[in-house]
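Residues per chain, in single letters:
Number of protein chains: 4
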Amino acid sequence: MQSGFSTKRVIIGPDGFKKVVDIASPNKVGLPNGQIDSTELAEIKPGNSFEIKDTVYYVLNCDTYDYVMHYLKRKTQVVYPKEGAYILMRLDVFPGKRVGEAGTGSGAFTLCLSRAVGPQGQVYTYEQREDFYKLAEKNLKNFLEFDNVIMYNKSIEEGIQERDLDAFFLDVREPWEVIQIVREALKPAGHLGIIVPTTNQVSQTLISLEKNSFYISEVVEIMMRKYKLVPERLRPKDLMVGHTGYLIFARKLGE
Amino acid sequence: MQSGFSTKRVIIGPDGFKKVVDIASPNKVGLPNGQIDSTELAEIKPGNSFEIKDTVYYVLNCDTYDYVMHYLKRKTQVVYPKEGAYILMRLDVFPGKRVGEAGTGSGAFTLCLSRAVGPQGQVYTYEQREDFYKLAEKNLKNFLEFDNVIMYNKSIEEGIQERDLDAFFLDVREPWEVIQIVREALKPAGHLGIIVPTTNQVSQTLISLEKNSFYISEVVEIMMRKYKLVPERLRPKDLMVGHTGYLIFARKLGE
Amino acid sequence: MQSGFSTKRVIIGPDGFKKVVDIASPNKVGLPNGQIDSTELAEIKPGNSFEIKDTVYYVLNCDTYDYVMHYLKRKTQVVYPKEGAYILMRLDVFPGKRVGEAGTGSGAFTLCLSRAVGPQGQVYTYEQREDFYKLAEKNLKNFLEFDNVIMYNKSIEEGIQERDLDAFFLDVREPWEVIQIVREALKPAGHLGIIVPTTNQVSQTLISLEKNSFYISEVVEIMMRKYKLVPERLRPKDLMVGHTGYLIFARKLGE
Amino acid sequence: MQSGFSTKRVIIGPDGFKKVVDIASPNKVGLPNGQIDSTELAEIKPGNSFEIKDTVYYVLNCDTYDYVMHYLKRKTQVVYPKEGAYILMRLDVFPGKRVGEAGTGSGAFTLCLSRAVGPQGQVYTYEQREDFYKLAEKNLKNFLEFDNVIMYNKSIEEGIQERDLDAFFLDVREPWEVIQIVREALKPAGHLGIIVPTTNQVSQTLISLEKNSFYISEVVEIMMRKYKLVPERLRPKDLMVGHTGYLIFARKLGE
Chain A
13 MQSGFSTKRV IIGPDGFKKV VDIASPNKVG LPNGQIDSTE LAEIKPGNSF EIKDTVYYVL
73 NCDTYDYVMH YLKRKTQVVY PKEGAYILMR LDVFPGKRVG EAGTGSGAFT LCLSRAVGPQ
133 GQVYTYEQRE DFYKLAEKNL KNFLEFDNVI MYNKSIEEGI QERDLDAFFL DVREPWEVIQ
193 IVREALKPAG HLGIIVPTTN QVSQTLISLE KNSFYISEVV EIMMRKYKLV PERLRPKDLM
253 VGHTGYLIFA RKLGE
Chain B
13 MQSGFSTKRV IIGPDGFKKV VDIASPNKVG LPNGQIDSTE LAEIKPGNSF EIKDTVYYVL
73 NCDTYDYVMH YLKRKTQVVY PKEGAYILMR LDVFPGKRVG EAGTGSGAFT LCLSRAVGPQ
133 GQVYTYEQRE DFYKLAEKNL KNFLEFDNVI MYNKSIEEGI QERDLDAFFL DVREPWEVIQ
193 IVREALKPAG HLGIIVPTTN QVSQTLISLE KNSFYISEVV EIMMRKYKLV PERLRPKDLM
253 VGHTGYLIFA RKLGE
Chain C
13 MQSGFSTKRV IIGPDGFKKV VDIASPNKVG LPNGQIDSTE LAEIKPGNSF EIKDTVYYVL
73 NCDTYDYVMH YLKRKTQVVY PKEGAYILMR LDVFPGKRVG EAGTGSGAFT LCLSRAVGPQ
133 GQVYTYEQRE DFYKLAEKNL KNFLEFDNVI MYNKSIEEGI QERDLDAFFL DVREPWEVIQ
193 IVREALKPAG HLGIIVPTTN QVSQTLISLE KNSFYISEVV EIMMRKYKLV PERLRPKDLM
253 VGHTGYLIFA RKLGE
Chain D
13 MQSGFSTKRV IIGPDGFKKV VDIASPNKVG LPNGQIDSTE LAEIKPGNSF EIKDTVYYVL
73 NCDTYDYVMH YLKRKTQVVY PKEGAYILMR LDVFPGKRVG EAGTGSGAFT LCLSRAVGPQ
133 GQVYTYEQRE DFYKLAEKNL KNFLEFDNVI MYNKSIEEGI QERDLDAFFL DVREPWEVIQ
193 IVREALKPAG HLGIIVPTTN QVSQTLISLE KNSFYISEVV EIMMRKYKLV PERLRPKDLM
253 VGHTGYLIFA RKLGE
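Protein chains in written order, with our numbering: chain A, 13 to 267; chain B, 13 to 267; chain C, 13 to 267; chain D, 13 to 267.
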């Protein structure tokens with residue numbers, strides 16, 4: 013079976029135009045200055061261009077970043093690549109690791125975990141709400157290049173089935189309620205990552221981590237500033253994302 | 013052969029004490045309040061603690077982050093995890109990918125690339141200066157868990173041997189001089205990432221990328237703000253890193 | 013004559029509603045949930061409230077910040093309070109000082125200068141473009157509480173009339189072209205402040221300052237992050253201003 | 013009587029050397045490469061230079077910024093110019109205003125207030141601790157150019173003597189305890205500014221402001237990034253201040 017990535021294309025046009033398109037389903041693709049048939053698009057090799065009414069468009073294959081930012085359907089605030097990337101690093105998520113996640117949300121970060129642990133690794137993801145569960149399932153279906161994700165439609169408050177996980181990532185409203193449960197699923201010295209949007213949640217989570225014998229490595233926020241792409245008038249963009257969330261990293265102490 | 017990671021331990025002590033220790037080589041490990049023999053340390057399972065003169069220390073296994081930040085020997089400015097993580101994400105470096113890098117520097121990011129592409133992937137890294145090359149070799153030797161890195165002690169100005177690479181990362185003084193050479197090594201629509209410390213270099217690099225038919229995806233800087241770990245008096249640390257480098261991401265257009 | 017400030021009111025309503033209103037000119041003031049007559053509004057003392065259809069609105073007198081951010085007409089990028097405040101501090105603009113400015117733009121910072129130097133001080137402001145000059149004149153007319161501003165409708169490239177100024181502020185496209193002229197207008201050790209939006213302009217300005225015997229005190233950018241006003245869910249706002257300009261501060265060396 | 017400013021000089025030397033010196037008291041001034049007698053220094057007009065052992069030094073008169081950053085004695089965390097400037101702006105502190113402050117601390121911001129309100133204005137500052145009170149007195153004595161500051165060595169918890177103040181600035185550990193008292197001292201619609209270092213304090217202060225009928229205008233933090241002064245290799249400095257405090261601005265509602 014083909015991965016969903018292999019049938020997605022990114023179209024790049026003038027004035028920052030960017031669109032992710034499915035070439036597997038026949039349709040007309042709207043462009044700033046005309047349209048193109050998806051079957052025609054399928055003929056163009058990534059890296060190459062086409063022209064519609066004197067406007068040149070380039071075609072690229074779709075990567076994880078573009079998929080998450082420009083294609084994935086979301087009903088929830090997703091973990092964005094700037095945080096997602098750092099979480100992967102801090103949780104030491106590399107090929108072969110066994111990692112857990114709750115909640116699944118729209119599945120954006122689940123996809124990142126799946127790609128990072130690779131075919132020898134395993135991802136277990138829990139989502140309590142059925143609508144999110146189904147959305148994530150749809151978002152992930154045939155986009156996973158590795159058959160390494162097990163999805164649960166239940167809250168981890170009912171318990172985590174797995175044991176001796178290398179790492180766990182928590183994106184839930186009240187992480188302090190489930191620290192004890194996550195603790196049981198982690199191997200000794202296992203990595204825990206948590207994202208929360210408010211400072212009050214950070215405080216409450218820190219207290220719970222201490223109580224539950226975690227070593228707190230870091231509380232951190234990541235700010236990203238993008239620049240306009242004009243070499244002779246280089247300057248940051250006028251607006252930037254001011255906040256997504258605070259990241260908390262910890263490691264399990266004791267057995 | 014055992015990976016170097018398996019014989020490294022992180023010792024956590026009071027007042028933010030943190031030290032990465034080699035338990036394979038017998039020695040006395042200095043602590044804020046006494047010392048411990050590395051052979052004794054080897055007996056303690058990660059996650060567990062020991063006590064010296066009423067002070068409790070915890071022992072963790074060493075992860076990539078701690079290795080890069082607290083153990084790796086450096087003669088160069090290294091790519092730090094906050095940038096490294098985002099570069100891996102933006103270059104779509106996942107298991108099975110074939111990626112290139114120049115220069116190797118101290119090998120910090122080479123290690124990240126190796127871990128990210130996994131046993132089915134491949135990393136090719138070029139370093140012109142012999143002293144850096146040797147340092148990186150030492151830093152990487154037996155820390156690589158996967159046998160997937162090929163090191164060259166030469167400048168890519170002499171050419172890159174590989175073709176059809178998925179991605180390339182450039183950390184050199186004058187990236188604009190080698191864009192054309194990197195271009196030849198990349199597959200169509202392949203990913204290019206560049207780090208430079210000054211705005212003047214950003215401008216010059218952007219001009220060269222345009223000339224050499226790259227689509228410029230993003231110029232970005234990442235700022236990370238760490239917080240003090242006191243829940244009832246939550247606040248950022250007084251000092252933060254104000255700058256490491258500007259990141260430039262691009263994709264190869266045309267064949 | 014009454015100052016324009018004395019006849020302006022800020023209306024504060026639900027969901028962050030904020031509007032600056034002129035109570036001197038009779039009109040209907042639109043509100044989220046109805047309207048109020050400006051003559052009625054004039055009867056309400058600042059600090060007090062009124063009610064329209066069960067919605068409570070508060071009335072405040074208008075301060076410099078609200079005037080610049082919410083009332084002043086602009087055709088240009090104005091110097092915002094976050095930069096304006098720091099410029100006043102860095103240029104040591106306090107009561108009694110004699111300061112110059114070019115260009116006047118919409119007059120936002122001219123107003124700040126006028127208020128800061130007070131009745132014993134003096135502001136000289138130059139604007140080349142007639143449309144901006146007229147706009148600034150309108151913006152400043154009867155908003156100046158002190159009769160201390162002299163406006164010129166000409167470029168400082170034609171020369172600055174004043175000598176021995178305490179400070180000068182430059183907000184022009186090519187500051188490097190006029191550094192020599194500003195130098196002549198400043199007293200020895202006088203303060204110079206410059207704002208430019210791009211890094212290329214910073215570099216070029218620094219070169220010109222060195223050539224013209226200025227001591228460069230600082231190049232700086234100011235980032236401001238606003239928080240949502242919810243005590244039990246404290247967090248920064250999602251979006252923030254990523255860039256307005258780089259500030260350069262210098263002092264004249266020699267006679 | 014001469015202002016203390018008139019007898020202070022800033023000496024600028026190579027490699028960022030900067031020193032504020034009192035030319036009124038005879039002494040030897042140490043320099044990177046030798047020394048100069050303060051009486052000799054007094055002969056050099058601001059803006060001019062002197063040479064010691066082939067090294068050129070420039071002499072500037074001392075401004076508020078240099079005084080606060082490089083001369084004022086401190087036993088407390090002071091309000092730095094980057095915050096101080098914005099506070100002045102947000103509290104609409106201009107010539108003629110009557111403003112209050114607690115605590116005085118080392119007097120850094122008291123000086124800024126004094127300079128900003130000018131000879132027609134008035135500053136009332138309260139400090140509970142005797143040691144801080146005496147330090148501030150010493151710091152301010154003969155540095156105030158205007159005779160407009162009244163200092164109290166007592167806590168505002170005992171009450172504020174003044175009424176109908178235009179603005180008040182609070183830099184105390186538990187601002188929520190004194191909001192009611194400050195409220196009484198402010199005129200209707202008067203400005204209140206508060207600085208606190210932790211997020212928990214922000215939350216608690218917001219709750220108290222709401223309870224005491226204040227309109228909360230803004231919670232904000234200011235980050236300042238300084239650049240290296242090298243035009244051909246322009247880049248931010250490696251380290252920056254990550255945090256000083258959160259600023260809260262509010263206005264009194266009702267009578």
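Misleading hints may appear alongside valid ones.
Where chains are identical, the list cannot tell them apart; a pair therefore holds if satisfied intra-copy or between any two copies.
List time: in silico DSSO-like cross-link candidates among lysine-lysine, alpha-carbon distance up to 30 Å [claimed, not checked]:
{"no.": "1", "residue 1": "K166", "residue 2": "K31"}
{"no.": "2", "residue 1": "K240", "residue 2": "K199"}
{"no.": "3", "residue 1": "K199", "residue 2": "K57"}
{"no.": "4", "residue 1": "K238", "residue 2": "K166"}
{"no.": "5", "residue 1": "K223", "residue 2": "K240"}
{"no.": "6", "residue 1": "K240", "residue 2": "K85"}
{"no.": "7", "residue 1": "K153", "residue 2": "K223"}
{"no.": "8", "residue 1": "K150", "residue 2": "K240"}
{"no.": "9", "residue 1": "K150", "residue 2": "K223"}
{"no.": "10", "residue 1": "K87", "residue 2": "K199"}
{"no.": "11", "residue 1": "K40", "residue 2": "K65"}
{"no.": "12", "residue 1": "K153", "residue 2": "K31"}
{"no.": "13", "residue 1": "K87", "residue 2": "K238"}
Calculated from the structure, these hints are not laboratory results.
Here is what the structure says about each hint:
In this homomeric assembly, K166 and K31 never come within 30 Å of each other (Cα to Cα): the closest approach is 34 Å inside a single copy and 40 Å across copies. Proximity of K240 to K199 under the C-alpha cut-off of 30 Å is restricted to the inter-copy arrangement: shortest distance 27 Å between copies versus 45 Å within a copy. For the homomeric pair K199 and K57, the shortest alpha-carbon distance between copies (11 Å) is at most 30 Å, but the shortest distance inside one copy (46 Å) is not. Within a single copy, K238 and K166 get their C-alpha atoms no closer than 38 Å, and across copies no closer than 33 Å, so neither meets the 30 Å cut-off.
For the identical chains of this complex, K223 and K240 are inter-copy neighbours only, at 18 Å across copies versus 46 Å inside a copy, given an alpha-carbon limit of 30 Å. Taking the shortest alpha-carbon separations for K240 and K85, both the intra-copy value of 27 Å and the inter-copy value of 27 Å come in at or below 30 Å. In this assembly of identical chains, K153 and K223 lie within 30 Å of each other by CA distance neither inside one copy nor across copies; the values are 39 Å within and 39 Å between. When the C-alpha separation of K150 and K240 is checked against a cutoff of 30 Å, the pair qualifies neither within a copy, at 35 Å, nor between copies, at 34 Å.
In this assembly of identical chains, K150 and K223 lie within 30 Å of each other by CA distance neither inside one copy nor across copies; the values are 38 Å within and 41 Å between. In this assembly of identical chains, K87 and K199 lie within 30 Å of each other by CA distance neither inside one copy nor across copies; the values are 32 Å within and 35 Å between. Taking the shortest Cα distances, K40 and K65 sit within 30 Å of each other inside one copy (16 Å), while across copies they are farther apart (50 Å). For the identical chains of this complex, K153 and K31 are intra-copy neighbours only, at 21 Å inside a copy versus 43 Å across copies, given an alpha-carbon limit of 30 Å.
Proximity of K87 and K238 under a CA criterion of 30 Å is satisfied in both settings, with 26 Å inside one chain copy and 26 Å between copies.
Hint check: violations occur at hints 1, 4, 7, 8, 9 and 10; the rest are consistent with the structure.
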